[in-house]
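> Using the hints, position chains B and C against chain A.
Residue numbers (the working numbering), protein chains in the order written: chain A, 1 to 300; chain B, 1 to 357; chain C, 1 to 275.
Hints are computed from structural coordinates only; laboratory data are not their basis. Don't take each hint at face value.
Footprint (simulated), chain A over chain B, 3 or more residues, beta carbon under 8 Å [stated by the list, open to error]:
| id | stretch |
| --- | --- |
| 1 | 268-282 |
| 2 | 301-313 |
| 3 | 330-336 |
Some chain B residues flagged as far from chain A (calculated, every beta-carbon gap over 12 Å) [to be verified]:
| id | residue |
| --- | --- |
| 4 | 169 |
| 5 | 174 |
| 6 | 225 |
Ideal Cβ placement from N, Cα and C applies to all residues, glycine included.
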Amino acid sequence: MSDREWLLTEQPASRRQARLGQAYRRWLALRRNGLALVGLGIVVALILVAIFAPLLAPYDPIAGGDLRLDRLLPPSWAHPFGTDDLARDIFSRVIYGSRLTLMVVILVALIATPIGLLVGTTAGYLGGWVDVVLMRITDIFLAFPRLVLALAFVAALGPGIENAILAIAVTSWPPYARLARAETLTVRDSDFISAIRLQGASSARILWGHVTPLCLSSVIVRVTLDMAGIILTAAGLGFLGLGAQPPLPEWGAMIAGGRRFIIDQWWVSTMPGVAIFVVSLGFNLLGDGLRDVLDPKARK
Amino acid sequence: MTGLPLRSRWRDSAISSISWKIISLLVTVAVTFLGLLFITFMISRLIPVDPVLAAVGDRASKSTYDKMYLEMGLDKPLWQQFLLYVQSILSGNLGNSFLSKRPVVEDLRRAFPATLELATVSIIIGTVLGIPLGILSAVKSGKLVDQVVRVVGLIGYSVPIFWLGLVGLLVFYARLGWVEGPGRIDISYEYSVSPSTGLLLLDSAMQGQWDAFRNVFSHIILPASLLGYYSLAYISRMTRSFMLTELGQEYITTARVKGVPEWRIIWVHALRNAAVPLVTVVALSYASLLEGSVLTETVFSWPGLGQYLTNSLQVADMNAVLGGTLLIGAIFVCLNLLSDLLYNLLDPRVRRRVALR
Amino acid sequence: MTALLTVDDLRVSFPTRNGPTEVVRGVSFQLGRERLGIVGESGSGKSQTGRAILGLTPPPGKATAKRLEFDGIDLRDASVATWRSLRGIRISLIMQDPKFSLNPVMTIGRQLIEAARRTSGRAEAKDRAVAMLEAVQIRDPRRVFDAYPHELSGGMGQRAMIAMMLITEPDLLIADEPTSALDVTVQIEVLRILDRLVTERGMGLIFISHDLRLVSSFCDRVLVMYAGRMVEEVKASELAQAKHPYTQGLFKCLPTIEGDVRPLPTLQRDADWAR
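Isolated chain A (complex conformation) (with noise of 0.2 Å):
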């Protein structure tokens, strides 16, 4: 038997070949998915860009080169996205500013969904006042439009990158309770919950050693889809200059950054634009793909 009728097979003998013949099957219906593929391939490439930056990038990000001669070139063979108004070769400065991007994701992701995670499991598996209260904060963070909160948490913690992060993940958990809290209904009255119970368990321990891991795959998904949209507003705060400070080399930033050579050096502003756009498309366009293989109901 070849690994793949091995995975493939409907009758499985144990339930790891069970959990990896799933897993097999959603592959190929990712692989199937090109749009899906090539989501995959942006992610894998902007991870990969951003751990090997140094050796990408051919000019130094931060450091200019001659403000006499260097300043607003365009894109050449010796800088492929041209320089801006500090001569700084703006191909180099995108790069690095993978390992920006990069870092504001994966710190959201670590900020908000264990906030999410517990205030929705606690409040699926106690339910009762706690439920309420716990559900009606959630919503009340809702009712403000994520972009619009966050500023407001920027402003008052000043600008910077770290604020940023920490203003966007605390705009970003609620839909991870609600989901969470939808998927602990689901789970806390099974006949396992009961059984731990009654050994005796405490409400954390069920909480997070039973209940938590049921919810996290598809809140980690969630997270997933969602992070188009933490890059976007990241770039956004940076834009209006409450995100990272000059002269790190964030994208959002240096659209600001070339507002005012738009007309006639249209690079300075346009390539870190474009980098954003390839970035968060890549992550949309996964997300897509794994919805559709993930939620067969979905799928048509």
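Leaving out everything else, chains B and C in the frame of chain A:
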């Protein structure tokens, strides 16, 4: 989507009379609004700026400072301060703007119509194009048209709107000269249209000033198209998914058995059912245009809420920032409320509960 | 007796990952103005047979046949216009559950008029709709006319469905498990109404059900399906003498009031029958 869980909770609840529902809705809105106030209040306490100093200026004497300190209630416990804050906001006082030296309420009243006009034209573009595209995509599901519509939608989701605005200005204003540039109206027309509604398209049309109308239209069309594209992405995607669900239902087969023509099955049978959740989608994307307007207005020097908010942010004018945030939050809540009410009106299963058994 | 409907070697297949799967595999029968029952367990392909006759095999499924004729009209690859002239006017289909088969946001009246308008003018359509609701023994037809489907009980909904499908007086009616979603007490009532209307109007009927007793009391002939195949065709009156072991098995499964059958018989299945 704030509307959805509430709705299902109602549908399942035993108490389902419409008046009870409206009361519970209003209570929800009141609680949410109080929450909004609490968040803005907490933010205002978070800032490192001394609110007294901001109010009296840094050249004030110690006694003026102390008087202001007491006047602002800063010696009281936090919860009393919050009550004072709620009280002053309910009486329509958002404080003075440090930048414009005017009451924030007055500033917001000036800025709001500009945003309202921009958002309205955008949502019209987004809906009028987005719904038919979504239907087309659902009917031709899996075909090339569907793929194209999906990709067009995904691009709309992925592109940073402020960047698209800059590129749009570069191409359509600077290079091609098809549209007017930043701002709402040329200076030469600015004083010929007397403001009554504050919506320049409406004002100029009502006063029969067609030159001014053309100018205003030429200013609004680019930012509105870009924002419209952004909402089109969301609307067409949701329309597609709702229509696919409806077209797979049994009653569609019934209609086919009856020999109902295909166009009628799509546009009457399926769309009438899909319209129920679509109302929520359109309302939500109308609300999210406020969010998009923050960035778009900055690019287009559009004198609306978004620009007011960002300008105030640059100089840490907190009264203005919080006032603007609060207003946008309140509009968000109201639109959610509106979409819930419309949902109840549109769906006969919720509208009437007369058992005919 | 001239055949109203001729079905020869009807096959319906759906594509799957492992190639196409046939759910109906060579069904053939002829139907005059009589009642034909099609019986089988769920998944035996009986519903797909009914839908294929109306050209409503859900995509991506495909229906093929050597012959599929209704009143001399070839239904294979019939044009949109041909189907328009047949569906609703000459052939109708009653579906299982009125909860799903009636449009939830249209009043019963509008849905009835939509059907009636196929054969009559605007003014007449409304009168006919109300009259038809009366014919299915709805006591307060005006009220039901203005009601939405969710406001009706299952039995009422199914009567409205029958009214809607018979309003154009079709020549052939296909009833796909028309009473399975209803309470037992209501079932009989609805069946009686259906029975009377079919007799009065002298139309052909294909009655699809999993309930052998119901079918045998209601139809002239019974066609038994198993795994997409026709395993037997018998006169309803001669069911007790059915030859095929599957039919015998189905028949023996029916509980009787007198005499306790122990051990309870189980239905035997044999992969050979599907060959």
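> Compare the structure with each hint and give your call.
Outcome of the hint check:
no., hint, result
1, 268-282, "violated (count 0)"
2, 301-313, "holds (count 3)"
3, 330-336, "holds (count 3)"
4, 169, "violated, 7 Å"
5, 174, "violated, 5 Å"
6, 225, "holds, 18 Å"
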